[in-house]
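Novice: Go by the hints and put chains P, U and F onto chain L.
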Amino acid sequence: MIDKRYESAREALHDVFDGASIMISGFGDAGVPHELVDALVDQGATDLTVISNNAGGGEIGIAALMKMKRVRKVICSFPRMAASHHFEERYRAGEVELELVPQGNLACRIQAAGAGLGAVFTPTGYGTLLSEGKETREIDGRMYVLEYPIKADFALIKGLAGDRWGNLIYRKAARNFGPIMAMAAATTIAQVSDIVELGHLDPEAIVTPGIFVKRVVRLTPAASAISA
Amino acid sequence: MIDKRYESAREALHDVFDGASIMISGFGDAGVPHELVDALVDQGATDLTVISNNAGGGEIGIAALMKMKRVRKVICSFPRMAASHHFEERYRAGEVELELVPQGNLACRIQAAGAGLGAVFTPTGYGTLLSEGKETREIDGRMYVLEYPIKADFALIKGLAGDRWGNLIYRKAARNFGPIMAMAAATTIAQVSDIVELGHLDPEAIVTPGIFVKRVVRLTPAASAISA
Amino acid sequence: MQRMTREQMAARVAQDIPEGAYVNLGIGVPTLVANFLPADREIVLQSENGILGMGPAPAEAETDWDLINAGKQPVTLLAGGAFFHHGDSFAMMRGSHIDICVLGAFQVSVTGDLANWHTGAPGAIPAVGGAMDLAVGAKQVFVMMDLMTKTGESKLVPICSYPLTGIGCVTRLYTDVAIFELGPQGADVIEMHGGLSLAELEAMTGVPLRSRLPA
Amino acid sequence: MQRMTREQMAARVAQDIPEGAYVNLGIGVPTLVANFLPADREIVLQSENGILGMGPAPAEAETDWDLINAGKQPVTLLAGGAFFHHGDSFAMMRGSHIDICVLGAFQVSVTGDLANWHTGAPGAIPAVGGAMDLAVGAKQVFVMMDLMTKTGESKLVPICSYPLTGIGCVTRLYTDVAIFELGPQGADVIEMHGGLSLAELEAMTGVPLRSRLPA
Numbered sequence: 000m001i002d003k004r005y006e007s008a009r010e011a012l013h014d015v016f017d018g019a020s021i022m023i024s025g026f027g028d029a030g031v032p033h034e035l036v037d038a039l040v041d042q043g044a045t046d047l048t049v050i051s052n053n054a055g056g057g058e059i060g061i062a063a064l065m066k067m068k069r070v071r072k073v074i075c076s077f078p079r080m081a082a083s084h085h086f087e088e089r090y091r092a093g094e095v096e097l098e099l100v101p102q103g104n105l106a107c108r109i110q111a112a113g114a115g116l117g118a119v120f121t122p123t124g125y126g127t128l129l130s131e132g133k134e135t136r137e138i139d140g141r142m143y144v145l146e147y148p149i150k151a152d153f154a155l156i157k158g159l160a161g162d163r164w165g166n167l168i169y170r171k172a173a174r175n176f177g178p179i180m181a182m183a184a185a186t187t188i189a190q191v192s193d194i195v196e197l198g199h200l201d202p203e204a205i206v207t208p209g210i211f212v213k214r215v216v217r218l219t220p221a222a223s224a225i226s227a
Numbered sequence: 000m001i002d003k004r005y006e007s008a009r010e011a012l013h014d015v016f017d018g019a020s021i022m023i024s025g026f027g028d029a030g031v032p033h034e035l036v037d038a039l040v041d042q043g044a045t046d047l048t049v050i051s052n053n054a055g056g057g058e059i060g061i062a063a064l065m066k067m068k069r070v071r072k073v074i075c076s077f078p079r080m081a082a083s084h085h086f087e088e089r090y091r092a093g094e095v096e097l098e099l100v101p102q103g104n105l106a107c108r109i110q111a112a113g114a115g116l117g118a119v120f121t122p123t124g125y126g127t128l129l130s131e132g133k134e135t136r137e138i139d140g141r142m143y144v145l146e147y148p149i150k151a152d153f154a155l156i157k158g159l160a161g162d163r164w165g166n167l168i169y170r171k172a173a174r175n176f177g178p179i180m181a182m183a184a185a186t187t188i189a190q191v192s193d194i195v196e197l198g199h200l201d202p203e204a205i206v207t208p209g210i211f212v213k214r215v216v217r218l219t220p221a222a223s224a225i226s227a
Numbered sequence: 000m001q002r003m004t005r006e007q008m009a010a011r012v013a014q015d016i017p018e019g020a021y022v023n024l025g026i027g028v029p030t031l032v033a034n035f036l037p038a039d040r041e042i043v044l045q046s047e048n049g050i051l052g053m054g055p056a057p058a059e060a061e062t063d064w065d066l067i068n069a070g071k072q073p074v075t076l077l078a079g080g081a082f083f084h085h086g087d088s089f090a091m092m093r094g095s096h097i098d099i100c101v102l103g104a105f106q107v108s109v110t111g112d113l114a115n116w117h118t119g120a121p122g123a124i125p126a127v128g129g130a131m132d133l134a135v136g137a138k139q140v141f142v143m144m145d146l147m148t149k150t151g152e153s154k155l156v157p158i159c160s161y162p163l164t165g166i167g168c169v170t171r172l173y174t175d176v177a178i179f180e181l182g183p184q185g186a187d188v189i190e191m192h193g194g195l196s197l198a199e200l201e202a203m204t205g206v207p208l209r210s211r212l213p214a
Numbered sequence: 000m001q002r003m004t005r006e007q008m009a010a011r012v013a014q015d016i017p018e019g020a021y022v023n024l025g026i027g028v029p030t031l032v033a034n035f036l037p038a039d040r041e042i043v044l045q046s047e048n049g050i051l052g053m054g055p056a057p058a059e060a061e062t063d064w065d066l067i068n069a070g071k072q073p074v075t076l077l078a079g080g081a082f083f084h085h086g087d088s089f090a091m092m093r094g095s096h097i098d099i100c101v102l103g104a105f106q107v108s109v110t111g112d113l114a115n116w117h118t119g120a121p122g123a124i125p126a127v128g129g130a131m132d133l134a135v136g137a138k139q140v141f142v143m144m145d146l147m148t149k150t151g152e153s154k155l156v157p158i159c160s161y162p163l164t165g166i167g168c169v170t171r172l173y174t175d176v177a178i179f180e181l182g183p184q185g186a187d188v189i190e191m192h193g194g195l196s197l198a199e200l201e202a203m204t205g206v207p208l209r210s211r212l213p214a
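Protein chains in written order, with numbering that gives the first Met the number 0: chain L, 0 to 227; chain P, 0 to 227; chain U, 0 to 214; chain F, 0 to 214.
Okay, chain L solo, but in the shape it has when bound:
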């Protein structure tokens, strides 16, 4: 029997290794797998590459990893936030590498990895600092930049509900990066508020088919943090 359910976040993250690349979903507070990231903080892996829209704010989650100097590199679109002081401190000290990527290029590079493409020509960022040194090409009268896939060893994502095959649905704008990160990581770990019986999720409404998910953990989210 296929059973992707894990009893705890700790167990679901048991094999995260030093040097791993880790995608973390979320935009604002929505879709951030807070409890999985907390468990990653406890788990201890270091020298991490974090791929996420932000670089962490406040004192928990990605910011806690930053504070503990366990992040080698961040690939993100928006590292500067109200309370991103831990990232800023490490960045200014030259202790963390930042690859700043326009948000849509971040999305399409993650999609390229999930879909097995070798590279894509995107118009976004052409002629800007963020395409410096990159290959460019005129296609059909328009200028494009060649961008490469972003894949990861792990993706930590957050769904509303899942089943033992790993099928997932999401909630409102908490969907954001979840479905595309699920496709781009070797091991995708989803926290969900509810695990339901197989067949309970409408096959027409499943957003992430189980093939893209290795582990599902039911975790009760804390009362929603106020977004930075």
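Source of the hints: derived by calculation from the structure; they are not laboratory data.
Keep in mind it's a predicted model, so treat the numbers as computed, not measured.
Where a beta carbon is used, it is the ideal one built from N, C-alpha and C, also for glycine.
Treat the hints with caution; some may be incorrect.
Claimed, not checked - Pulled a few chain L residues facing chain P out of the computed Cβ check, cut under 10 Å:
hint	residue
1	I59
2	A111
3	A118
4	T123
5	I168
6	R174
Specialist: Here is chains P, U and F on its own, set in the frame of chain L:
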């Protein structure tokens, strides 16, 4: 008020012009917008480029357009079918151009068009007849072929239900090319079995958001044809 | 000289958004445009975090932190709205499915170059978000900004000195004293407020301007 | 010499598909594998037209032409199954999310090149479907075919003479007389049926073979 509803297939297709490129969804019988294609046959536009998984079979639909010599070019993955004699006749006579594309490259080139990418490196077809003359590149130890977007002037697709904003849901494997063609055509025309009130479709389960659809027509499908 | 307030500018931009348009409003001042959209037009707002059909802020009791706009403020969903993932959301932008986006700016050049993500100041932490995707992708890019900096320099410039967001992408510039159409031909003034002459406007901005003011 | 029937070959392939595998069965003979999957293993079948969790053919009365496999035959959906569009379906293949695909072939080379879409005969209408995508994308590509053509030529060849579907992609070849592992090192025989010797098999195929038969 936004109202994308059309009263008839005839009206929805009024501006299809000679020389137009037209995507037609479907795999087997599932998802083929038969009634829209019938209306295209009646409408009269000629010198068409048809983008579809097949090149038509039997006597109706794309095959009827073939028979009437109104198709200049077909872009498809599988033109050879049990009853594809009208395509075969035109093809052997040199009266229709065939661009044969592996099905997954067809999908990803349509997706590239919808997503505004300039080109993509895909591994599919490398070293085969279907990549002859195309640019190739080794990326990260693997060989890829550069493929360009496929866009269209019109897409004819079939949903299960829609609303006046153009939001669509599909039915089972009839979904196939519908959602990606909707994104890649300047004018996407969807036939649906049912038009529902705005807000009736679950926002979590809408597969094609209305932004990708220009026209919606309620058409009662004939009893399903037996698939070739 | 009478300058428009931010609210007046937002109301002016809102007038130019037609029925049925798919619109993305950038964070900050452009968000105000939503408050002035004519009630008799159905306009669909997109948010980069996966929402079409975004509605106004909810009553406090109905705040849902899974339903926020790009500025992380709580919003609502209108009937007919839909949710989708980031891949599809940015395909809507990059693939030119969004009719109009409205952005703020540090500088805009007469040919429509946009600088709105980074001052380039040493030590500044760069952050770009979705600005570059919107700049290259939307069918029309409207910029809303004060024409002059607080220290009296024109933000409409011959060539941007700040790092670029996109090249030749701004189609229309709404400022507190005038509205410009931008393109390869340069800047055309299409509307003026507060009684300036074209010569005075040219003197303020230091860039050549052509008038397309109604006769 | 005793040759395996198609059903026996399908049953043999089915034995090698592990619990939990995501599997795509090509049209034609490979479809038979579904009938022999061990009942105690949960295996998820994918169909290129947007189905995961494909179940067996329905009773005639329940035929639904919106629920068909890649061969256009009516199927059913298991509990836990899902529908998705062609973009996602081929991302599953190309992105190496499918563990195993099982395909038929005209020819397979000792290094795993596959020819299964086109005879290259003059006047033949070419048709490729999803064959090339599966060939390059699945983590393992199993081919099922008779070892010899009806006219007695080996279909396991040093170099394919038919147009290629993919290069070096076949990992395992199941035939009616032997099973081979293919790779850059050439063809290893891992199982034989019907009492042939390795020398006889080499003579039949005309290609060098190494034995990895159990001692």
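Novice: None of the hints should be skipped; say for each whether it holds.
Specialist: Verification of the supplied hints:
no. : hint : verdict
1   : I59  : 28 Å, violated
2   : A111 : 7 Å, holds
3   : A118 : 5 Å, holds
4   : T123 : 9 Å, holds
5   : I168 : 7 Å, holds
6   : R174 : 8 Å, holds
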